[in-house]
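Novice: Sequence:
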Amino acid sequence: MFDGFRTETITVADTEIFVRTAGIGDPVLLIHGFPQTGACWHRIAPTLAERFRVVVPDLRGYGASGKPAPTHDHAAHSKRAMATDLSELMAALGHERFAVVGHDRGARVGFRLSMDYPDKVSRFCSLDVIPTLDMWEKMDLAGAVGGFHWSFLAQPAPVPETMIGEDPDFFYGYLMRKWAAPEFLFDSHAMQLYLEAMRDPAVIEATCEDYRAGASIDVVHDRDDREAGRRLACPLLFLYGGIRGFGGPGGPRDPLDTWRNWSDAEVTGGPAPCGHFLPEEAPGTVLEQLLPFLLDGN
157 MFDGFRTETI
167 TVADTEIFVR
177 TAGIGDPVLL
187 IHGFPQTGAC
197 WHRIAPTLAE
207 RFRVVVPDLR
217 GYGASGKPAP
227 THDHAAHSKR
237 AMATDLSELM
247 AALGHERFAV
257 VGHDRGARVG
267 FRLSMDYPDK
277 VSRFCSLDVI
287 PTLDMWEKMD
297 LAGAVGGFHW
307 SFLAQPAPVP
317 ETMIGEDPDF
327 FYGYLMRKWA
337 APEFLFDSHA
347 MQLYLEAMRD
357 PAVIEATCED
367 YRAGASIDVV
377 HDRDDREAGR
387 RLACPLLFLY
397 GGIRGFGGPG
407 GPRDPLDTWR
417 NWSDAEVTGG
427 PAPCGHFLPE
437 EAPGTVLEQL
447 LPFLLDGN
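Under our numbering, the first residue of the sequence shown carries the number 157, and numbering increases by one thereafter.
Keep in mind the hints are simulated off the structure, nothing from the lab. Each hint should be verified, as a subset may be incorrect.
To be verified - Distance condition first, Cα-Cα at most 16 Å in a straight line; then the derived EDC-like pairs of lysine to aspartate or glutamate:
| hint | residue 1 | residue 2 |
| --- | --- | --- |
| 1 | 276 | 182 |
| 2 | 223 | 413 |
| 3 | 223 | 172 |
| 4 | 294 | 413 |
| 5 | 294 | 170 |
| 6 | 276 | 244 |
| 7 | 276 | 252 |
| 8 | 223 | 317 |
| 9 | 223 | 182 |
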């Protein structure tokens, strides 16, 4: 799936990050989401590596990366902690300034990386995600039902961990089928990789902590930025699923305007003909929009 990519594990502040790298050129960081690993970029990364230096990590708590112990305030699994990991990872790889592409939770990390390290992020692409604070504020009845996992995973330990641990393949498989377009089938090898990774009790715990952070400390960080008037300094490309993503039932009607409220730079994008998993469901559409966006900064 990643022919020609080098794999290694790099130590950052308080954990280790598993990463794949390939290509020559300006660096592009690809950040996966829930419930996946860096393998979700298997239909995007090889093409990008023809023109860029591509870096594909597993987030802390996910896949083959380290699993820090939970903290009482969930800070160990906050998007700020994950963004710091990736800032240090890119520095260790020799990249002081780079573009960021994030999907799902990875886009939340990408947003935090862009806000906390504006001198490092040249361009930011969010796939099917608006900032966490806005997501909570815009959630209505349809959103609460469709996005039930937001509140379920944020319940105190060990409630979701215990329930998911009874049959993780059912839980994660159900979510992925539910969020994808009705006729889409995931690559069987990729799905096997996701499920194998997500069966690990340490990953189940970490991903629940990720969502607990999303219902607590991440909201505080976003609100602090909003109240202080801090905004994105880099151009932003926002693509979302038109079937079961933000353009589908229950999604905000103004996702591009939401991002414009956070940005001092140009915001472009629109819907793609797919569900939530844009890198796998609509790689052609993503690349068609992403390549000129990345090249425009060079």
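Novice: Determine for every hint whether it applies to the structure shown.
Specialist: Now for the hints, and whether the structure bears them out:
Only pairs whose Cα atoms come within 16 Å are accepted, and residue 276 paired with residue 182 is accepted, the gap being roughly 13 Å. Distance check on the hinted pair: residue 223 and residue 413 sit about 36 Å apart at the alpha-carbon level, beyond 16 Å; violated. Simply put, residue 223 and residue 172 have alpha-carbon atoms about 8 Å apart, close enough for the 16 Å limit, and the pair holds. In summary, the hint linking residue 294 to residue 413 is supported, as the alpha carbons are separated by about 13 Å, within the 16 Å threshold.
Of the supplied pair hints, the one linking residue 294 and residue 170 is violated, its CA atoms being roughly 34 Å apart against a limit of 16 Å. Straight-line distance between C-alpha atoms of residue 276 and residue 244 comes to about 11 Å, which keeps the hinted pair within the 16 Å bound. In summary, the hint linking residue 276 to residue 252 is supported, as the alpha carbons are separated by about 6 Å, within the 16 Å threshold. At most 16 Å may separate the alpha-carbon atoms for a hinted pair to count; residue 223 and residue 317 meet this at roughly 15 Å.
Note on residue 223 and residue 182: the hinted pairing is violated, with a Cα-Cα distance of about 30 Å set against a maximum of 16 Å.
The earlier numbered hints that this structure contradicts are 2, 5, 9.
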